[in-house]
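A.B. asks: Residue numbers for the first sequence, in our numbering: 606 to 1337.
Errors might be hidden in some of the hints.
[What the hints assert, rightly or not] Here are the simulated lysine to aspartate or glutamate pairs, DMTMM-like style, with alpha carbons at most 25 Å apart:
1. K849 x E811
2. K756 x E811
3. K989 x D613
4. K1300 x E1277
5. K1146 x E1252
6. K1193 x E1220
7. K679 x D947
8. K1329 x D1257
9. K1050 x D736
10. K1109 x D1121
11. K1189 x D1171
12. K1040 x D639
13. K849 x E893
For the record, the hints were derived by calculation from the structure and aren't laboratory data. Nothing here was measured: the structure is a model prediction, and the numbers come from that model.
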Amino acid sequence: MLHPMGWDAFGLPAEQYAVKTGVHPAITTQQNIDNFRRQMKRFGFSYDWDREVATSDPSYYRWTQWIFLKLYDKGLAYISEVPVNWCPELGTVLANEEVPEQIEKGFTVIRRPMRQWMLKITAYADRLLEDLDLLDWSDSLKEMQRNWIGKSEGAEIDFEVADTKHRIRVFTTRPDTIFGATYVVLAPEHPLVDQLSTPPQKTVVEEYKRGAALKSDMERTELAKEKTGVWSGAHAINPANGKKIPVWIADYVMVSYGTGAIMAVPGQDQRDWDFAEKFNLPIIRTVEPPADFEGKAYLGDGPAVNSGFLDGLNMDAAKNRMIEWLEKEKRGHRKIQYKLRDWLFSRQRYWGEPFPVNHLEDGTISPLPESELPLRLPDVQSYKPAGTGESPLATIEDWVHTTDAATGRKARRETNTMPQWAGSCWYYLRYCDPKNDQQFCDPEKEKYWMPVDTYIGGAEHAVLHLLYARFWHKVLYDLGYVSTKEPFMKLINQGLILGEDSQKMSKSRGNVVNPDDIINEYGADSVRLYEMFMGPLTQTKPWSTRGVEGVYRFLQRAWRLYVGPDGKLSPAVSPDDPTAEQKKVLHKTIKKVSEDIESLSFNTAIAQMMIFVNEFTPLEKRPRTVIEPFVLLLAPFAPHLAEEIWEILGHDKSLAYESFPEFDPELTVDDEVTVVLQINGKVRERMMSPKGMSKEDLERKAKEHLTKWLDSKEIVKIIVVPDKLVNVVIKG
RNA sequence: GCGGGAUUGGCGGAAUUGGCAGACGCGCCAGACUUAGGAUCUGGUGGUUUUACCGUGUGGGUUCAAAUCCCUCAUCCCGCACCA
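Produce the entire structure from the sequences given, and follow the hints as far as they go.
C.D. replies: Here it is, written out as structure tokens:
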């Protein structure tokens, strides 16, 4: 079993702190790591600290850079001009998921094209989708990943622009509705917008484009209620019926999805309907809605109408027929489209992995040879971004200007750094072989340990981290460096612990619980035990200090089971043989605790241990052969206390060397059971009965018990469930 | 809007091939010990109009029997969101 811990140590918070204070992020990062490690050790978590890694350590990021070079060699890393979330105050580009947080802090975020590294995760879209089936993950998590990848099947169709040589290519999932396409829409950023706008419309179009560029993605979405757009002045030809239809520019079409252009079918699409209504564009139904349909756009299935040769066909048949026609006429083709975009892989920051590449004077890129790795982060005077959109690295002249080792030519280093996700994409592989300086992981060790059997993590990583890591893993798999298709077989999202007020813990709400304080008050074992006792691991639940007191009392009772007030072995601990009943309690407890640990149901395992302690506390004589194994059951939950009890019991070796108790299945079953007696499904009596009594005997015995209820009533039916119940159905 | 999950005492939760609803803990009530109790121990604790009836978000259904299976609606949480 491998149970390691490491630190995803690059990233924005350390960098922002450095900008504010001038302290090197490596120093604050180290302090934070030391503090976290101290707290974890205090809890007694049994991590293998020999395998600790930190992504900001050059001996680690050397291999992050190495993997990047593999991606580059495979053509999966490229540079592109893409619109990014530019934050002028921070002087940096933000990841989509960082935008809301920064806006909340009062910063502005605008879209601006910039030269960026991209990773071609889209090349793996299909496999990332399909291989989800191999995984033992929750349905909701798989569904989130599926939605994120967003596969949809449809067609790309070319619309000729009237009186020009231009063609507008659109993507649609509903080629069957093409006869109802009454206009075409281009995203404001679509490259054809300028060429298609007719002179009289030029001004309005230009104005509209400017307005759209000022809006961030967020604002566009928020203003989604009211559709906006302008006519370009141009017309397109509907390839299905040869009709001239207007070409509009509107920001409800996104340039980054599909082809950045759509054919609008208001009859079958609510967004198009809204737009058509507002701008008085024609609406034609091409699918017959049911007679009682009262909505506007009809999205459901039905026979095609107003659709020429498609009329009468249902949706699927019409789609296929239309695609066949388009392909035959060379006006379009079947197309699978993904929502997933390529991964924007550079940040204009200091505190991240430097890219191991040089830019030569002729504009070509020269990857660093492996022997040059790691390419270390240089020290800088100021952590403030260069302000030009470049990272602080750009200000260090003697670092930026270098001689390319591969070609001997003058070169500039890449001044972008990698995003925080980079290091966390493969750390689980490094755990297998953390000190290796020849390779990122010895293949033998990789084969031995991989894949990760159980990955317990926060739900906040449901999509991004888990998708990125799966992507890198698949690339490494294709290159033969890892032996499994998927990195994480079973995945558990632990639930968030809320504040005592059932709100998210936050400093501003003042409901934060500091582990150090609670440990000081109740001890590490109480906190561990309480956190497991609160409820199912995966569930979000509120903290309760009273609840900690409860388990604290339980631990004290457990202690007193063995230890007298003088701190020595209690005289109640007896060498006598246990009764059969006492042995049964022990074995039932071993069974329950073992099985519940396996299924991560720690709360019910602890409940069973409480029952055990409640059972033995009142006894004057507590047979040692029964209560001693219990210490070993308690040990994984409350290791410190268990270890002390173990010592007081007279052992000179740590209980860590003992094996976990095993139960005797025969001793876990009761030989007498309570059988419930029902009349018409209602519980009327109960009786004790030996386990395994035959149906006939049970029925006879039940009737005796129920005489006062049965009286002279007519018995319709008797249901007997052995060892459980007897239900007598009577009439009258 | 789409997708996923949830809803059980005053509270956290337990019970899932359909078979005793409320394990265990918190809180609360009563008692014991005590100068004292925010310590410890013992007993009690779903509700009600208490021979019994009602009760697992709402309303219906299947069944001898439903927290559990089916349908309806409501509320809450998480994720995505003008993805054509």
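A.B. asks: Would you mind marking each hint as holding or not holding in the structure?
C.D. replies: Going through the hints against the structure:
1. Annotation: proposed proximity of K849 to E811 holds, straight-line Cα distance about 24 Å (limit 25 Å).
2. Of the supplied pair hints, the one linking K756 and E811 is violated, its CA atoms being roughly 34 Å apart against a limit of 25 Å.
3. With a C-alpha separation of about 22 Å, the suggested pairing of K989 with D613 holds against the 25 Å cut-off.
4. At roughly 15 Å between alpha-carbon atoms, K1300 and E1277 fall within 25 Å of each other, so this suggested pair holds.
5. At roughly 36 Å between alpha-carbon atoms, K1146 and E1252 are farther apart than 25 Å, so this suggested pair is violated.
6. Distance check on the hinted pair: K1193 and E1220 sit about 12 Å apart at the alpha-carbon level, within 25 Å; holds.
7. Restraint check for K679 and D947: satisfied, since their Cα atoms lie roughly 15 Å apart, inside the 25 Å limit.
8. At roughly 48 Å between alpha-carbon atoms, K1329 and D1257 are farther apart than 25 Å, so this suggested pair is violated.
9. Distance restraint check for K1050 and D736: the Cα-Cα separation of roughly 24 Å lies within the 25 Å cut-off, and the hinted pair is therefore satisfied.
10. Taking the CA atoms of K1109 and D1121, the gap is near 19 Å; set against the 25 Å cutoff, the hint holds.
11. The hinted pair formed by K1189 and D1171 fails the criterion: a straight-line CA distance of about 31 Å is larger than 25 Å.
12. Distance restraint check for K1040 and D639: the Cα-Cα separation of roughly 20 Å lies within the 25 Å cut-off, and the hinted pair is therefore satisfied.
13. Among the hinted pairs, K849 with E893 is consistent with the structure: their alpha-carbon atoms are about 24 Å apart, no more than 25 Å.
Violated hints for the displayed structure, listed by number in ascending order: 2, 5, 8 and 11.
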